[in-house]
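Protein chains in written order, with this note's numbering: chain A, 1 to 114; chain B, 1001 to 1111.
There could be a bad hint or two in this list.
[Said to hold, decoys possible] Partner residues are not named here, just some residues of chain A that face chain B (Cβ under 8 Å, in silico):
{"#": "1", "residue": "Leu-43"}
{"#": "2", "residue": "Gly-51"}
{"#": "3", "residue": "Pro-75"}
{"#": "4", "residue": "Leu-78"}
{"#": "5", "residue": "Tyr-103"}
{"#": "6", "residue": "Gly-106"}
Worth flagging that the hints you see were computed from the coordinates, not collected in a lab.
Think of the CB as a built atom: it goes at the ideal place given N, C-alpha and C, for glycine as much as any other residue.
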Amino acid sequence: EADIYQTPRYLVIGTGKKITLECSQTMGHDKMYWYQQDPGMELHLIHYSYGVNSTEKGDLSSESTVSRIRTEHFPLTLESARPSHTSQYLCASTRGTGGEYGYTFGSGTRLTVV
Amino acid sequence: RKEVEQDPGPFNVPEGATVAFNCTYSNSASQSFFWYRQDCRKEPKLLMSVYSSGNEDGRFTAQLNRASQYISLLIRDSKLSDSATYLCVALQGTGGFKTIFGAGTRLFVKA
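All chains should be modelled from the sequences, with the hints used to inform the complete structure.
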């Protein structure tokens, strides 16, 4: 039973389109994250939030933006999609002060930009 | 050099075998460690935390060696359902500010 939901599950979109990947969690976690993962590769942090109105960029340079207006909702937006954005995007949340209790991940969005 | 390194495998083992994975980390400031399991085209799921004294959860045993900066995962009596990619994770800084994921070790358990 998922407590963190991502939509859409798969998305194929043309170059230059604006897209928003949705992420919602029902656990009341303050900390939420967006990771990018290519096949067979490690996860790279692209954005994180420690609570409402708090957003930070992660280690991976990204042309995306995020917002955190509500605790449960952490959408990621690409203003102009490019083929280099083709990847899997994973949303995660955690309780506590960091990841010491482990992360709960959503099922991911597989994005293909053509 | 990657901050968390794992042998990508794949490890191909028969059912019932014992298999061990190692993971090395380069930053001695790493505080906490975890193993995650990721099935093909699925999201990672927390398998177990790794404690300094070592810990066991059923067929799975995790060990931490701070002096040599590596952690290990031992799986006994492998099942077909253990086939997955196992991700090593290190948290750096107090409060787990920075989380580093390894690229994972692939395991295939054969009948």
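Status of each hint after checking the structure:
1. Leu-43: holds, 4 Å
2. Gly-51: violated, 14 Å
3. Pro-75: violated, 18 Å
4. Leu-78: Violated: closest Cβ of chain B sits about 20 Å from Leu-78 of chain A, beyond 8 Å.
5. Tyr-103: holds, 7 Å
6. Gly-106: Interface hint status for Gly-106 of chain A: holds (6 Å vs cutoff 8 Å).
Checked against the numbered hints above, the structure breaks hints 2, 3, 4 and satisfies the rest.
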